[in-house]
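Could you slot chain B onto chain A? The hints should help.
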Amino acid sequence: MSENPVRDAIQDAIRDHEVILFMKGTPEQPMCGFSARTAAALEALGAEYAAVDILPDPRIRQELSAISNWPTIPQLFVHGELVGGCDIVSEMYESGELATVLGVDGGGTPAPEGAQPGAAPMQIENRLG
Amino acid sequence: MPSTDDLKTRIEAAIPGAHADVLDLTGGGDHFRATVIAPEFASLSRIEQHRRVYSVFGTEIGGPIHALSLETRAE
Numbered sequence: 001m002s003e004n005p006v007r008d009a010i011q012d013a014i015r016d017h018e019v020i021l022f023m024k025g026t027p028e029q030p031m032c033g034f035s036a037r038t039a040a041a042l043e044a045l046g047a048e049y050a051a052v053d054i055l056p057d058p059r060i061r062q063e064l065s066a067i068s069n070w071p072t073i074p075q076l077f078v079h080g081e082l083v084g085g086c087d088i089v090s091e092m093y094e095s096g097e098l099a100t101v102l103g104v105d106g107g108g109t110p111a112p113e114g115a116q117p118g119a120a121p122m123q124i125e126n127r128l129g
Numbered sequence: 001m002p003s004t005d006d007l008k009t010r011i012e013a014a015i016p017g018a019h020a021d022v023l024d025l026t027g028g029g030d031h032f033r034a035t036v037i038a039p040e041f042a043s044l045s046r047i048e049q050h051r052r053v054y055s056v057f058g059t060e061i062g063g064p065i066h067a068l069s070l071e072t073r074a075e
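Line by line, the protein sequences are chains A and B.
Residues 1 to 129 in the working numbering are what the first sequence lists, from first letter to last.
Residues 1 to 75 in the working numbering are what the second sequence lists, from first letter to last.
Be aware that a few hints might be false.
As the list claims (entries may be wrong) - Some chain B residues near chain A, calculated using beta-carbon distances under 10 Å: (1) Tyr54; (2) Phe57; (3) Gly62.
The hints are simulated quantities; they were obtained by calculation from the structure and are not laboratory data.
All figures in this text were calculated on a predicted structure; none of them were measured in a lab.
Ideal placement from N, C-alpha and C gives every residue a C-beta, glycine not left out.
Here chain A stands alone, though its shape is the one from the complex (with noise of 0.2 Å):
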């Protein structure tokens, strides 16, 4: 256990799955335009994925910048892998990219199943079906 368990908590979260949306809100309820706009490019993908709310606590957002040396929200990261914010998310959307790296096929496909539930200490809306 290190002395920053908010840091590890959101490692843990990167790590274990596969597909994670660090958002300001929730998919149901966004807080911010951008992050309405990149959890509404995944739901399009009919892409499963789980999402964090950052807004409960600030040093979620202050850590995750820290690990991805990525000033804004939302993040997507993929396979443990930023992808990147509203702007490269939408892009990749618009350019069929997004469905590549998600491995559905833009038609609705679910994801293959791979991330589990984890227990972390943010709450973590679950999308995996």
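This is chain B only, laid out in the frame that chain A set:
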């Protein structure tokens, strides 16, 4: 409060040969969109291109600059 001209000037000063077009999305001086074209982007991934532009503003992103939406390309 930063202006679109401030952002444009700072991006173009920090990234050699860059051309930036900056819009104030809301008129409130805190939500911006920038299109940045710079030769050095040719050797950077899209993530790295955005990081490069964000790095011009450091902790101002998320602070005084609430949002900076980006489109980047090499030419």
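Each hint tested on the structure:
1. Tyr54: holds, 5 Å
2. Phe57: holds, 8 Å
3. Gly62: Where the cut-off is 10 Å and the nearest Cβ of chain A is about 6 Å from B:Gly62, the hint holds.
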